[in-house]
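Colleague: Sequence:
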Amino acid sequence: MVLQDTWLFHGTIRENIAYGREGATEEEIVRAAKLAHADGFIRSLPDGYDTVLNEEASNISQGQKQLLTIARAFLADPPMLILDEATSSVDTRTELQIQQAMQTLMKGRTSFVIAHRLSTIREADLILVMDHGRIVEQGTHRELLAAGGPYADLYYSQFAAGQGLAG
Numbered sequence: 001m002v003l004q005d006t007w008l009f010h011g012t013i014r015e016n017i018a019y020g021r022e023g024a025t026e027e028e029i030v031r032a033a034k035l036a037h038a039d040g041f042i043r044s045l046p047d048g049y050d051t052v053l054n055e056e057a058s059n060i061s062q063g064q065k066q067l068l069t070i071a072r073a074f075l076a077d078p079p080m081l082i083l084d085e086a087t088s089s090v091d092t093r094t095e096l097q098i099q100q101a102m103q104t105l106m107k108g109r110t111s112f113v114i115a116h117r118l119s120t121i122r123e124a125d126l127i128l129v130m131d132h133g134r135i136v137e138q139g140t141h142r143e144l145l146a147a148g149g150p151y152a153d154l155y156y157s158q159f160a161a162g163q164g165l166a167g
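Numbering-wise (the UniProt record's numbering), the sequence shown opens with residue 1 and increments by one.
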């Protein structure tokens with residue numbers, strides 16, 4: 001599970017990635033970090049994978065926290081994923097890194113992606129549009145744009161500033 005509000009603990013970056021996967025090797029931890037696009041920023045830290053996160057992990061950015069939780073999910077290799085607003089509080093550059101990591105992570109497994117930023121779900125096999133707890137539309141990105149309903153309205157409102165309106 002990768003949530004909007006990340007959960008990291010006081011400990012090293014290595015320990016935080018390995019959480020929930022007892023006995024993970026150094027090679028597995030680094031591979032997970034690379035798949036999550038986190039290895040570069042980790043290695044740029046003075047102590048790399050041995051960098052100790054403080055209690056709130058405030059010594060790294062929100063985007064870096066998200067990448068660490070995605071690395072943790074890669075290492076856990078679950079059959080099913082829940083990604084809840086994983087890009088909601090990050091800048092555009094970091095969002096692209098997180099999206100790339102999530103696309104790789106979701107391959108070959110059932111994934112539920114909860115998102116208000118529709119750029120996060122454009123590649124989904126099936127999108128369910130909900131309003132007040134009810135499904136009001138469903139389909140692929142292209143199908144929902146063609147239908148011209150609530151999804152299309154929200155999509156075009158988010159991308160009206162010329163940010164790639166191509167469906």
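A couple of the hints might just be wrong.
[Stated by the list, open to error] Pair ranges (Cβ atoms, derived):
#1 Arg93 with Glu123: 29 to 39 Å
#2 Arg31 with Val52: 40 to 50 Å
#3 Asn59 with Glu85: 37 to 47 Å
#4 Glu22 with Gly149: 45 to 55 Å
#5 Thr25 with Ser157: 17 to 27 Å
#6 Arg134 with Arg31: 20 to 30 Å
#7 Leu45 with Asp125: 34 to 44 Å
#8 Leu96 with Ala76: 35 to 45 Å
#9 Asp153 with Glu27: 45 to 55 Å
#10 Gly20 with Thr51: 16 to 26 Å
#11 Arg117 with Pro78: 22 to 32 Å
#12 Tyr156 with Thr51: 22 to 32 Å
#13 Asn54 with Leu128: 30 to 40 Å
#14 Ser58 with Gly20: 40 to 50 Å
Quick caveat, the hints were computed from the structure, so don't treat them as lab data.
Using N, Cα and C, we set each Cβ at its ideal position, and we do this for glycine too.
Colleague: Could you check the structure against the hints above and give me the numbers of any it violates, in ascending order?
Modeller: 1, 2, 3, 5, 6, 8, 12 and 14
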